[in-house]
Structure formats: C-alpha cells, structure tokens
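Engineer: Here is how the chains run, residue by residue.
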Amino acid sequence: MSAAIEYFQFVLAPQMLIGLVLGVAVILVALGLTIIFGLLDVINMSHGEFYALGAFIALALAAVGLPFWLLLMLVPLLMLPVGYIVERGLIQRVFHSGERHVTTLLLTFGLGLVLEDVFRLVFGPNPYKPETPIVGGVEALGIFIPSYRLFLILVGAAIIAGVALVVYKTRLGAMVRAAAYDRNMAASLGVPVQHVYAGAFAFGVALAGLAGVLLAPLYSVFPTMGRDFILMAFTVVIVGGMGSIAGVVVAGLVLTQVQAIVSLYISPVWSDPIVFGIMVIMLMVRPQGLFGRLGHG
Amino acid sequence: MTHTKTTILAALMSATALSAAYAADPIKIGVVTPLSGTYAGIGQQVKWGLELATKEVNASGGIMGRQVELTFEDEEANPSVAVQKADKLFQVGKVDFLTGTVNSGSTLAVGQVAERAGKLIATTVSFADSITGDKCSPNVFRVNARAGQQSAALAVWLSKEKPKAQVFYLGPDYEMGRSTVAAFKSSAEKVGANSTGEVFAPLDSKDYTQYFGQLRAAKPQVLYTSVAGNDTVRLFTQLQEFGLLNNLTVVGASGTVTAQNLGAIGKAAEGFVTGVGYSAEIDTPENKKFVAAFKAANKIDPDLYGADSYGLIYAYKAAVEKAKSTDTDKVRAAFKDLKWMTPQGEKTLRGADHQAAQTMYVVRVTGGKFKIVGQVNGSDAIGPDACTKF
Numbered sequence: 001m002s003a004a005i006e007y008f009q010f011v012l013a014p015q016m017l018i019g020l021v022l023g024v025a026v027i028l029v030a031l032g033l034t035i036i037f038g039l040l041d042v043i044n045m046s047h048g049e050f051y052a053l054g055a056f057i058a059l060a061l062a063a064v065g066l067p068f069w070l071l072l073m074l075v076p077l078l079m080l081p082v083g084y085i086v087e088r089g090l091i092q093r094v095f096h097s098g099e100r101h102v103t104t105l106l107l108t109f110g111l112g113l114v115l116e117d118v119f120r121l122v123f124g125p126n127p128y129k130p131e132t133p134i135v136g137g138v139e140a141l142g143i144f145i146p147s148y149r150l151f152l153i154l155v156g157a158a159i160i161a162g163v164a165l166v167v168y169k170t171r172l173g174a175m176v177r178a179a180a181y182d183r184n185m186a187a188s189l190g191v192p193v194q195h196v197y198a199g200a201f202a203f204g205v206a207l208a209g210l211a212g213v214l215l216a217p218l219y220s221v222f223p224t225m226g227r228d229f230i231l232m233a234f235t236v237v238i239v240g241g242m243g244s245i246a247g248v249v250v251a252g253l254v255l256t257q258v259q260a261i262v263s264l265y266i267s268p269v270w271s272d273p274i275v276f277g278i279m280v281i282m283l284m285v286r287p288q289g290l291f292g293r294l295g296h297g
Numbered sequence: 001m002t003h004t005k006t007t008i009l010a011a012l013m014s015a016t017a018l019s020a021a022y023a024a025d026p027i028k029i030g031v032v033t034p035l036s037g038t039y040a041g042i043g044q045q046v047k048w049g050l051e052l053a054t055k056e057v058n059a060s061g062g063i064m065g066r067q068v069e070l071t072f073e074d075e076e077a078n079p080s081v082a083v084q085k086a087d088k089l090f091q092v093g094k095v096d097f098l099t100g101t102v103n104s105g106s107t108l109a110v111g112q113v114a115e116r117a118g119k120l121i122a123t124t125v126s127f128a129d130s131i132t133g134d135k136c137s138p139n140v141f142r143v144n145a146r147a148g149q150q151s152a153a154l155a156v157w158l159s160k161e162k163p164k165a166q167v168f169y170l171g172p173d174y175e176m177g178r179s180t181v182a183a184f185k186s187s188a189e190k191v192g193a194n195s196t197g198e199v200f201a202p203l204d205s206k207d208y209t210q211y212f213g214q215l216r217a218a219k220p221q222v223l224y225t226s227v228a229g230n231d232t233v234r235l236f237t238q239l240q241e242f243g244l245l246n247n248l249t250v251v252g253a254s255g256t257v258t259a260q261n262l263g264a265i266g267k268a269a270e271g272f273v274t275g276v277g278y279s280a281e282i283d284t285p286e287n288k289k290f291v292a293a294f295k296a297a298n299k300i301d302p303d304l305y306g307a308d309s310y311g312l313i314y315a316y317k318a319a320v321e322k323a324k325s326t327d328t329d330k331v332r333a334a335f336k337d338l339k340w341m342t343p344q345g346e347k348t349l350r351g352a353d354h355q356a357a358q359t360m361y362v363v364r365v366t367g368g369k370f371k372i373v374g375q376v377n378g379s380d381a382i383g384p385d386a387c388t389k390f
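First to last, the sequence lines map onto chains A and B.
Read left to right, the first sequence gives residues 1 to 297 (this note's numbering).
Read left to right, the second sequence gives residues 1 to 390 (this note's numbering).
Chain A extracted, bound-state conformation (with noise of 0.2 Å):
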C-alpha cells in the first residue's frame, strides 16, 4: 500500500502536473485556433507563426529593457492591430469564394511560410533563450514544481475564465455568437459583421501572441517555434468540438494528461500516435467534436 502511495507522489503526480503545465500551453495556443475557426469558418494554418510573432515581439522589446510583466500586456494589444489587417486585408479578399475552406487555408499556410522566413532574415537561424521570470521552485507533500510552471498554470487558468466570461456573457460576446449562428440575420439587426470578424480574427491573433510570451521562458525562441505546438493544438480543437471553447479546455487537458501517462509506460515516441489515433477516432464516430460549435448551443 505504501507502495503504491509512494508511486503515486514521487512518479505520477509530478508526471500529472507537468502534464498540466503542457495542457495549459496547448490550451493557450488552441483557444485563438478555436475561436477564429467558430466564428469565421477559417482554418488559420499560420497561427503558430503568430505564436512565434508573439515570442519575437517580447524578445525585441526586453532586449530595450522593457521588463517582462509590462510585455505581457503590451504584446497582445501589439498583436490586435496585426491582426485586424490581416483579416481585413488578406482573408476577406478570398473570404467570399466558393472554394472558401480551400483558400483560406493556402492563403494563411503561405503566410506562415512568409513569416517563418521573416524571422529567420531579422533573428537568424540560432535560437534565443530568454530569462526566466520567476525563478526557483515550490515543494508541497514531496512534489517539485518551478514557480514559473506554476504561476503559467494559475495565469493560464484565469486567462481561459476570462476569454469564456467575454464570449459567454457580455454583449460583445453575444454579437459574436450572433454572427457566427446567421451572419446576415446578425447584420440585419445592426451587428457590425465585418469589424465582428475581424475583430474576433485579431482576438485569436492576440491570444497566440499572448502565449508566445508566456511559453518562450519555457521554450525558446527560434523561428520554426510556430510548428512546436500547431499539430496538438489543432488535434485539441478537432476533439473539442471546432469552435467550442469548452471542448478545448476538455480536450486539451484530457489529451496531455494521455500523453504525459502513457509516457511513462512506453515509448514516448508513441505519444503522438495515441493522441492522433484519438483524433481520428473522433472523427469517425463523433465528427463534431466533444462539444458544438461556437454560437451553435
């Protein structure tokens, strides 16, 4: 018995909480993935370049002293503006085809291209580690965990509550819910559907910034970062249901906590294949994920 207790606090347990750390991060990446894709029907396959913009924006202005909290802030609302153009300057020019999942996607895979190489010309090809800000760690019953995993759990957490909270139960919220059910009923009652979409489009493009400069302390900051988290963040919104910001907060804690499991039991480069083989089944029995559509009930 005591055994079996001990396993659970000095093996399983830490593994749990890691693999928490690691759902909050897919969670963050994912919760921008999901929103853009509800509410736009746009699969935005550059959103890890966005989540690598992120990263180097905060790079760029801590290398002119400004300090790490200050970042936190200013990076998103940096990232609102890009992506506001993005939407009103590139997605709506192949919005209204037919073919409209088909261009979207090229049109934003190609703009992650670009930008991959963007970064590449200004930072070079070696990867930058930025300074941890908070150091050192917390022990609690036996179990280590670094102050600044824990703090990204805590913050991670009251960013998800807060995303909810607006698309859940403000007005704002309500309209944007309201144009992805009927986009032209929305506009007919005077919602202003264009600067909708596109301000939701540059909501999604904050949050991936916003997780860029939380996870580079983490991760580093090289400019194929983008493609670190993309696969599990998609795999996350397609188990959760397209659109639902329940289901990526479900499955994104559900599939990194398989992931981190299973990791101790066999290969871990048997990890992917499990989470992916999940997908897959999803898809077949379930195609429209754990939970619906956002707007859709």
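Hints are supplied without guarantee of correctness; some may be wrong.
Claimed, not checked - Taking CB as the label site, the calculated pair distances span: (1) 243(B) - 153(A): 16 to 26 Å; (2) 100(A) - 174(B): 36 to 46 Å; (3) 133(A) - 339(B): 54 to 64 Å; (4) 138(B) - 135(A): 32 to 42 Å; (5) 301(B) - 227(A): 26 to 36 Å; (6) 269(A) - 324(B): 37 to 47 Å; (7) 60(B) - 66(A): 38 to 48 Å; (8) 288(B) - 78(A): 28 to 38 Å; (9) 12(A) - 36(B): 47 to 57 Å; (10) 301(B) - 73(A): 39 to 49 Å.
Unchecked claim - Partial list, computed: chain B residues near chain A (C-beta under 7 Å): (11) 207; (12) 209; (13) 230; (14) 240; (15) 241; (16) 260.
Read the hints as simulated data drawn from the structure, not as lab findings.
Quick reminder that beta carbons are idealized off the backbone N, C-alpha and C, glycines included.
Use these hints to put chain B onto chain A, whose structure you have.
Structural biologist: Okay, now just chain B, sitting in the frame of chain A:
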C-alpha cells in the same frame, strides 16, 4: 585500320610528351562541401582551413615544385548533389584528389564515385564510424576523429573522474541518437560504468520534463545525451529549471553543445563535458601559430572542422612527396601509416582502415568557453580495425 591505330598511337605519344613537358602544372584538389543550407557554417570552416594551408604550401614552393589549386563546388549537404558535383570535378575538372564532404551520407556516396573514377578522397568532417568501418573503401581516407574516438576519450575521462558511475542515457530517436548512445554505452561499460536506464525522445521535442520522472527514478550521477541544436537548449534549461543539474554531471556528443547554441543555453551549459578531436585552446606552438594565422585571415577562431581541413593539405603534401607522384595507387601506398604534423599534433593514418589516430581531448564548458580538462592518447582512443574490404 592500320591508319587509325597509328593515329591513336601518335595521339597517345603526344599526350605523354605533353604531360612530361608540363610537369609544373598545378596539382588540382576538388572540394565538394556545403556552402549553403544548414551545414553552411561547417563548409565555411572547411573552406577557410583548406585555403589557409594551400596558401602556405604554395608560398613555400608547392608540392614537388607544383602549385596547388583548389576548386570548390556546393554540395548543399545533400548526398545526391554531392555525387553529381564530385563526378563533374573528376570527369571535367580533372582533379587529382577530392575532399570537403560533411554529411556522412555524402562521404559514403562520393567514396563510390571515387572508386569508379579511380581517384582518392578524404573527409575532414564526417563522424559516422561506418566510413572507416564496415563501409570502408580503399579510395576513402578520414583525417578527423570519428564518433567512436570521441566517445572513447569521454569514457576514459569518466572512469577517472567518476569511477563506477551510474549513467543515464537520453538521445534523440533516430539513427544518430541511437548509434551515439550505443557507442558511448559500450565504451562506458567497458571502463566500469553502470547503465541505469535510457530514453529516446522524438527529434524536436518541446518539453523534456515528461522524461524527468524516469530520470529521477534512475538516480544517476551522470547523464549522457546526444541531442543537438534547439533540442539541447530546451533539455538543458528545463533540467536547470527542475533543479536536476545539482549533483549531476552532464556529458555528451561533440555536436550537443556548440558555438551555435551555447549562448542560448547560458549558465545551464556550465560543466558540460565532451570528447573532441580539436580545441582552439590546445597549448602547443604549432596550434598557436595556426590559430593566429587563421584568425588573421578570417577574423574568427578555427573549430575542429577548420583545423582538420587545414591538416589534410599537409597530409596530401607528405604523401605525394613520399610517392613522388599524384598517381592513385602510389599515393594510396604512401598514405599507408603516414605520420604528419597538424595543429593538434602528430597524426597517424592507419593503413588497415584509413582512419587517422590522434590525441583526443576532453573539454568542459567553463565560464561559457570550452576548456581542455583531459586528453587521451591516439592509440587508446582509435579502437579496433573493423574494415574487412582491403
């Protein structure tokens, strides 16, 4: 018919006469090396090392009175491109000798081209043991230290510093990672280390913390790793973040921590130990002279690739002068057990497998720089001859 024969005979005779008349023609050395792409930084060092040695040799009268001429081709670190460029240099460029390949696959492929063309090549960079092991070729030489020599040197250091150490292994899950871990594991176990576990993480893992449970449970004193590039940055900083670097000695492959990622790893790289064939810090008159000349020409310190490429030109010079010819068979015989001087001291080209034996160095990251903490004799590090083809 007789007429044709006479013409051919005449042509042959005039060709012989011509080559005799122009004995002072330059000796042509082809260089197929990556000048663009991921390995461009390595190709750059190769080019600088070869150019510096060629300049010195030419200034002191060349090889047997003949000047040396280098011809560069970009192989993009891609074996199929390397094969085309090597073929071009042998057939059209009429080079006498070829070097420069970086990627081990390129070296193996170009070796086959050289066999067909009846010419000799040497690599100054490739690590894969097989090049002078089970895939050896009578036409291929290696003047740099192979992976086995690097891990042997590290294992000797380990047995002195941490006798009977408990070692845990963490490698990237592909050919290079599995072979480096296997090589070091066998070297380390031979000198008395105990293996407490191993884990292979996918290439480009973002979070190594999920393997820390296994690492902690194994309670190792030493961690051997062969991850490279960005992966090293993440592994080392995450180890530091979880406080695992205390009381743990981290050792690894020579490509794990390099000038390219050392800055990003920062303090977490302190104390990292690896085995290499060269360091700019080697304190000998030959090396100091070489480093000064290299820095004057290129404004940067030489690394192992620059130093080994520099040394190759002197090996070829010694062999051609011994053979008194650039003929393939005669030079091959002259290379056999050749001893020559390089920045890292005297090297011996073992005749049995065409692998150079050299003093190996153990370096440790101290204050953000690689400091030499030990060395191992060439004969102790080279390992057995595994070549059965000649």
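Engineer: Taking the hints in turn, state whether each one holds.
Structural biologist: Verification of the hints:
At roughly 18 Å, the beta-carbon separation of residue 243(B) and residue 153(A) lies within the given 16 to 26 Å, and the hint holds. Checked against the hint of 36 to 46 Å, the C-beta distance between residue 100(A) and residue 174(B) comes to roughly 39 Å, which is consistent with it. For the hinted restraint 54 to 64 Å between residue 133(A) and residue 339(B), the CB-CB distance of approximately 57 Å keeps it satisfied. For the pair residue 138(B) and residue 135(A), the beta carbons lie near 58 Å from each other, so the given range of 32 to 42 Å is not met.
In this structure the supplied range 26 to 36 Å holds for residue 301(B) paired with residue 227(A), their Cβ-Cβ distance being about 33 Å. Roughly 56 Å separates the CB atoms of residue 269(A) and residue 324(B), a value that falls outside the hinted 37 to 47 Å. At about 57 Å, the CB distance of residue 60(B) to residue 66(A) disagrees with the hint of 38 to 48 Å. Checked against the hint of 28 to 38 Å, the C-beta distance between residue 288(B) and residue 78(A) comes to roughly 51 Å, which is inconsistent with it.
Checked against the hint of 47 to 57 Å, the pair residue 12(A) and residue 36(B) passes, with Cβ atoms roughly 49 Å apart. One distance hint, 39 to 49 Å for the beta-carbon pair residue 301(B) and residue 73(A), holds here, with the actual separation near 43 Å. About 6 Å separates the beta-carbon of residue 207(B) from the nearest beta-carbon of chain A, less than 7 Å, and the hint is met. Taking 7 Å as the C-beta cut-off, the interface hint given for residue 209(B) holds, the closest approach to chain A being about 5 Å.
Interface restraint check for residue 230(B): the shortest CB-CB distance to chain A comes to about 5 Å, inside 7 Å, so the restraint holds. Given the 7 Å rule on beta carbons, the hint for residue 240(B) is violated: about 9 Å separates it from the nearest Cβ of chain A. For residue 241(B), the interface hint holds, since its Cβ comes within 7 Å of a Cβ in chain A; the closest pair sits about 5 Å apart. With a cut of 7 Å, the hint placing residue 260(B) at the interface with chain A holds, because the nearest CB-to-CB distance is about 6 Å.
Violated hints, in rising order: 4, 6, 7, 8, 14; the structure is consistent with all others.
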